[in-house]
Amino acid sequence: MSDNDPAKWNLALNNARNLQEDVGAANVDIEIVAYGPGIGMLKLESPVGARIADAMKANIKVMACENTMRGQKLGKDDMLNGISYVPAGVTEIMKKQGEGWAYLRP
Amino acid sequence: MSDNDPAKWNLALNNARNLQEDVGAANVDIEIVAYGPGIGMLKLESPVGARIADAMKANIKVMACENTMRGQKLGKDDMLNGISYVPAGVTEIMKKQGEGWAYLRP
Amino acid sequence: MSDNDPAKWNLALNNARNLQEDVGAANVDIEIVAYGPGIGMLKLESPVGARIADAMKANIKVMACENTMRGQKLGKDDMLNGISYVPAGVTEIMKKQGEGWAYLRP
Numbered sequence: 042m043s044d045n046d047p048a049k050w051n052l053a054l055n056n057a058r059n060l061q062e063d064v065g066a067a068n069v070d071i072e073i074v075a076y077g078p079g080i081g082m083l084k085l086e087s088p089v090g091a092r093i094a095d096a097m098k099a100n101i102k103v104m105a106c107e108n109t110m111r112g113q114k115l116g117k118d119d120m121l122n123g124i125s126y127v128p129a130g131v132t133e134i135m136k137k138q139g140e141g142w143a144y145l146r147p
Numbered sequence: 042m043s044d045n046d047p048a049k050w051n052l053a054l055n056n057a058r059n060l061q062e063d064v065g066a067a068n069v070d071i072e073i074v075a076y077g078p079g080i081g082m083l084k085l086e087s088p089v090g091a092r093i094a095d096a097m098k099a100n101i102k103v104m105a106c107e108n109t110m111r112g113q114k115l116g117k118d119d120m121l122n123g124i125s126y127v128p129a130g131v132t133e134i135m136k137k138q139g140e141g142w143a144y145l146r147p
Numbered sequence: 042m043s044d045n046d047p048a049k050w051n052l053a054l055n056n057a058r059n060l061q062e063d064v065g066a067a068n069v070d071i072e073i074v075a076y077g078p079g080i081g082m083l084k085l086e087s088p089v090g091a092r093i094a095d096a097m098k099a100n101i102k103v104m105a106c107e108n109t110m111r112g113q114k115l116g117k118d119d120m121l122n123g124i125s126y127v128p129a130g131v132t133e134i135m136k137k138q139g140e141g142w143a144y145l146r147p
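Residue numbers (my numbering), protein chains in the order written: chain A, 42 to 147; chain B, 42 to 147; chain C, 42 to 147.
Check before you lean on any hint, since a few could be wrong.
Note that identical chains are pooled: a pair holds if it fits in a single copy or bridges any two copies.
[Unchecked claim] The list that follows gives simulated cross-link-like pairs (lysine-lysine, BS3-like), each with its CA atoms no further than 30 Å apart:
# : residue 1 : residue 2
1 : K114      : K84
2 : K137      : K102
3 : K117      : K102
4 : K84       : K49
5 : K117      : K84
6 : K98       : K117
7 : K49       : K136
Just so you know, these hints were derived from the structure itself, not from any lab.
In isolation and in its complexed conformation, chain A is listed as follows:
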């Protein structure tokens, strides 16, 4: 997620939920990686904060890019509780594809 657009954030969350419903939550691993202008999805004041909490309860991993956070002077105190962190969102996305994960960019 690299867009600063709550409609996109909701779409990504819909995608994740639909995928779990369609194939069964036990049969798919899902990660949402927020970076660049998309980092707002995971800030404390995010309009989709409640949905992020629900997604994490449903075993969807939600990750913030620490490169982006540094660039925007954000600390973990500025971010939603319970999310995960990766040093660079772009590396995470590349690595997962290398491990055979599909990439979806809504």
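Since chain A is already given, all that's left is putting chains B and C on it; use the hints.
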């Protein structure tokens, strides 16, 4: 296709045509999957309806997401003739990547 | 890169630099492919021209789609010095994924 933007719809159709011209239509399988706000690409009143018909004649598969249609209260009568349907666009995109297809998100 | 949006162009360039910093420039090959409305990223008057030059110095390959150039009546004289060209951007992106490259669409 998850954008509600006719310029993007034309770009996706250009991509498909260019790919067929570049490598030979017999040498590549192409699917366009419309979901979320992109579903308008495949509605009866779509401004790219004629191009969709041409694409299907050129053996490009065009698929609408039934999850999205349910959410937007759309039936098959509301959609362009001759298109295909998948239960969940996101699953289709994930599965195809698992089978070795490339993913292009214009 | 298929968006006509300098903010996206900068984001793509940030992604490339962050990836090199995170995994080491010697350990990753990066290509930026500009096509469709994204071709402006590589025109002579591009607002990110200096960053493109820096990226190429850092061994990031930067490629313009000749299909798009033909459609927009652009010649190589209209484009930034030192960039590379591919007959069709879409084919390049598909081929690289077939060779195991990850795809990132910021």
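Hint check:
Taking the shortest Cα distances, K114 and K84 sit within 30 Å of each other inside one copy (12 Å), while across copies they are farther apart (33 Å). In this homomeric assembly, K137 and K102 come within 30 Å of each other (Cα to Cα) both inside a single copy, at 13 Å, and across copies, at 22 Å. In the homo-oligomer, the alpha carbons of K117 and K102 lie at most 30 Å apart inside one protomer (16 Å), although the nearest pairing across protomers, at 35 Å, exceeds that limit. For a Cα distance limit of 30 Å, the shortest separation of K84 from K49 qualifies both inside one copy, at 15 Å, and across copies, at 21 Å.
In this assembly of identical chains, the alpha carbons of K117 and K84 lie at most 30 Å apart only when taken from the same copy (9 Å versus 40 Å across copies). Taking the shortest alpha-carbon separations for K98 and K117, only the intra-copy value of 20 Å comes in at or below 30 Å, while the best inter-copy value is 35 Å. In this homomeric assembly, K49 and K136 come within 30 Å of each other (Cα to Cα) both inside a single copy, at 23 Å, and across copies, at 22 Å.
In summary, this structure violates none of the numbered hints.
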